[in-house]
Every structure is written in structure tokens, then in C-alpha cells.
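S.K.: If you want the building blocks of each chain, they are given just below.
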Amino acid sequence: MKFSRRELLITAAKGALITALPMGAIKFLEPKEVMAEIKGPGKVRWAFLVDTYKCVGCGLCVKACKNENEVPYDTPVTRTWVERYIIKKDGEMLADSPMGARDGFTENKIRETAVDPKDIAKAFFVPKLCNQCDTPPCVQVCPVGATYQTTDGVVLIDRSWCIGCGYCIMACPYGVRFFHPVHKVTEKCNFCYHRITKGLNTACVDACPFGARMIGNLKDPNDPVTKIVLTERVGVLKSEYGTKPQVYYLGLDENVR
Amino acid sequence: MKSHVWRPLWIVLGLVGLILLLRPLIVPSDFGTGERGFMYGYHRKGNEEDWKAIKVKYRSKEYCKDCHQEKYDSNMSSKHSIIQCENCHGPAVDHPENPEKLVIDKSRALCIRCHAYLPYEQSDRSKIKGINPAEHNPDMECSMCHDPHKPNLGG
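Chains A and B, in that order, are what the protein sequence lines are.
Here the working numbering = 1-based position in the first sequence + 6.
Counting from 1, position 126 in the second sequence corresponds to residue 109 in the working numbering; the numbering is continuous, with no gaps.
It is worth saying that the hints were derived from the structure and are not from the lab.
Beta carbons are placed, not taken as given, at the ideal position from N, Cα and C, and that holds for glycine.
Heads up, some of the hints might be wrong.
[What the hints assert, rightly or not] No more than 27 angstroms apart at the CA atoms, straight line, and that leaves these computed lysine-lysine pairs for DSS-like: (1) Lys60/A - Lys35/B; (2) Lys204/A - Lys44/B; (3) Lys110/B - Lys115/A; (4) Lys44/B - Lys60/A; (5) Lys60/A - Lys(-15)/B; (6) Lys250/A - Lys110/B; (7) Lys60/A - Lys62/B; (8) Lys110/B - Lys94/A; (9) Lys190/A - Lys38/B; (10) Lys112/B - Lys94/A.
[Stated by the list, open to error] According to the in silico footprint, chain B covers these stretches of chain A (three or more CB under 8 angstroms from chain B): (11) 125 to 133; (12) 159 to 166.
Turn these sequences into a full structure, and let the hints guide you.
M.R.: Shown next as C-alpha cells:
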């Protein structure tokens, strides 16, 4: 078989062109799909901002959350909680959250042991809640489709569909999920979905006297939360898990986990 | 092929057919993958409305203001203006219809959530005027001397 230089060059160019062509370029989109791409899936992406400098560990957010969302008040489970971290000068790290800080922190004692103020290198409070991850592992593992993510980014649980297998509780790296003692299904923070969809703040945001908690829409460039997330130094928890958490923290410390 | 091979096969095929027939009856019609796709959006659409329909219990200060203007004004001129009424008075829900009266929490435990001094310099907690609850009039209610709405002593 004879192969001229011209033929070789043309064939090579064709081959390069085909390999360079991504699959997406030959895929035909339906008009509906094209419209969806242009409009984007919804105009809202809820996100949360916690300013750990402002948190004083009063626990009023936890109290309000439990009442608002009917999580039995005297059980140790809660949708949101506040952790106290004390890092001593010798490097020892102490952390606690008695009853999820439902009654606040009123003593300089961790598990009945008093901490000498002279030994404290740094001490602070960190409120925790569901991170409403962009790639929520709890949703991936649900075998029945009882937990899902809405278009506005909030992960919800279908109480009538949950079989209580507990996979999602194990899958969440942040430990925000628990069994609801009354409904006997999985429960977790949903950014007070009944409030934010009515234009209200979440119960914890309203209850916080110090503005340590904020909720906002990341798709709105003029939202105060969006502005801070885009222009200030914010951190997220356990980014190494690839869950893309959407609760941002100001003043996060390396000891927080 | 002999019938002993076909018989269990027919049973299996029958079961598959039965499941396919029953599926639309058991699975709600609004069950689908939704906008987030199969991995994150597989759900019953109606559940979103179920969650939205939950009753709002904390109504915030603006709701109280309409009837309790005097208390609102007094509170708004003090350092405690940053605190929601419902943090001490409990969730309003549909007050004054339901509940008719709110339970007021005047306990020391409530005040010392913020006002028990903690030596945590990296947090704003240490900047709040604080007491040692064990030493500062331990047997008295804070509200006997301090007005919770306007806590400045004598002010």
C-alpha cells in the first residue's frame, strides 16, 4: 500500500481533530436542556456564615432551634449545637458541648475539671449545624430516596419515606444527623426550610443577639453573606472530604474539627 | 428445553411482571429525580411542600411591637436591644390566641448564659460585663435589682 506525504498529513490532521473533540461537542441537547443550562437551576443557593469571634457560647440559638423544630427539649440530640475549645499553653486541647450547649456555657470547667485561666493559650466557641454540602454524602448513601437536595441547596428528609436504616447518620462526616426520638426517622438541620422559604431568617439566626450567625443566598451578589464569602478569609470544616460544605466560618482555628 | 427449566423461569418472569405492575401503585406519582439528578435529587416532590408547611413559632421582635410598644421602646433604648423578646418570653406562635399567656423565664440560669464571666480572650465572651455566679448574690434573682428590658442599674 502506497501512502503519500499529502495523505499522511491529512489523515494525521483528521485524527488530531477527532481526538481533540470532546464528547460534549457531538452531543445534541434538547431545547429544554439548553434553556435549563442558560437559566441555571434556580436563583437561590442557601449558605450559612458563622463568625466565631462573635459567638459567646450563650446557647440561645440551640434553645430556639429545639423549640422551633420540635426536637424534644430534654434529649441530648439537637439540630445545631455550640462547641467550646480550650487550647492550653502546654498544647493540650480540651473541647466540650454539654447537651449541645442548650443552656449555654456558664462555668470555666470542662467535664467537672476547672481550667486555670493562666494556662489558657486560646479559648473560643464554635457553633455547628448542617453544612448543606454541594455533594452531600448522606444523600448518596440513602437506599430509598428519602433524603435529597432541593434546587436551592438544602438537604431535606422525607419522614414518610425514611426507613431508619441509619446509613446517612454514618455517612455524614460532621455528625449532624441523628434519630428523631419521636418520629423514629433521621433528623437534621434544614436551615429552617419553613422559615427561609417564607423570607424569614432561621430561628438560630434570629435568636443570636450578637450576629454570630447569618444566612444568605450565594446566587445573589448583593447578599451580605455572599459578599463576605467572596471578599473575606473564610474557612469550611473538613474540606478534605470533598463534600463542598456551605457553612462558612470566620476565625476558624486548626484545632476545630 | 425441558419443562423443569422453564417452570422456575416463568415464576421469576411472573414476579418481575407483578412488581412492574404494582410499582405505579406503591410509588407516589411525584417521585422522581428532580433537578439535582439521580444521585442527589431522587425524591418525592411533595415532601418539599410538607417541610414548607411547618408552623413558624418564633415571630421575632417586630411581631411583639404592635401590642407591646411601651416595652419595645424601653428595651430598644438599652444594651439589651440586641436580644429577641422570645429568648426570655418563649416562642410567640399565635399569641395572644394560642398560647394566651407566655411563660417568662426570669431565672439566673438565663442571665448567666452571657453574664457568667469566662476568661476566653479570643471570644467576645470576655468583653461582656460578667460576674462570678457563685459570689454575686447567689440566692437572689437577677431581676430583683436589674430590669431585664433595660438592665442599666437605676437607669
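S.K.: Could you grab the alpha-carbon distance between Lys60/A and Lys(-15)/B and see if it respects the 27 angstroms cut-off?
M.R.: At roughly 79 angstroms apart (the allowed maximum being 27 angstroms), Lys(-15)/B and Lys60/A break the hint.
S.K.: Given the hinted pair Lys250/A and Lys110/B, is their alpha-carbon gap at most 27 angstroms?
M.R.: Not OK: Lys250/A and Lys110/B at ~34 angstroms, beyond 27 angstroms, violated.
S.K.: With the threshold set at 27 angstroms, check whether the alpha-carbon distance from Lys60/A to Lys62/B stays at or below it.
M.R.: Distance ~16 angstroms between Lys60/A and Lys62/B Cα, so the pair holds.
S.K.: With the threshold set at 27 angstroms, check whether the alpha-carbon distance from Lys112/B to Lys94/A stays at or below it.
M.R.: Distance ~24 angstroms between Lys112/B and Lys94/A Cα, so the pair holds.
S.K.: For Lys60/A and Lys35/B, compute the direct alpha-carbon distance and say whether it is at most 27 angstroms.
M.R.: Not OK: Lys60/A and Lys35/B at ~30 angstroms, beyond 27 angstroms, violated.
S.K.: Would you say the segment 159 to 166 of chain A counts as covered by chain B, given the rule of at least 3 residues with C-beta under 8 angstroms?
M.R.: Our answer is that it holds, as 4 residues pass the Cβ test (under 8 angstroms) against chain B, meeting three.
S.K.: For the pair supplied as a hint, Lys190/A and Lys38/B, confirm whether the alpha-carbon distance does not exceed 27 angstroms.
M.R.: 20 angstroms, holds
S.K.: Compare the distance between the alpha carbons of Lys110/B and Lys94/A with 27 angstroms, and conclude whether the hinted pair is satisfied.
M.R.: 20 angstroms, holds
S.K.: Within a Cα-Cα threshold of 27 angstroms, do Lys44/B and Lys60/A meet the stated pairing?
M.R.: 21 angstroms, holds
S.K.: Are there at least three residues in the segment 125 to 133 of chain A whose beta carbon sits under 8 angstroms from a beta carbon of chain B?
M.R.: holds (count 5)
S.K.: Does Lys44/B lie within 27 angstroms of Lys204/A when you go C-alpha to C-alpha?
M.R.: Given pair Lys204/A, Lys44/B holds - Cα atoms ~17 angstroms apart, limit 27 angstroms.
S.K.: For the pair supplied as a hint, Lys110/B and Lys115/A, is the alpha-carbon distance within the 27 angstroms limit?
M.R.: At roughly 19 angstroms apart (the allowed maximum being 27 angstroms), Lys115/A and Lys110/B satisfy the hint.
Checked against the numbered hints given earlier, this structure breaks hints 1, 5, 6; the rest are met.
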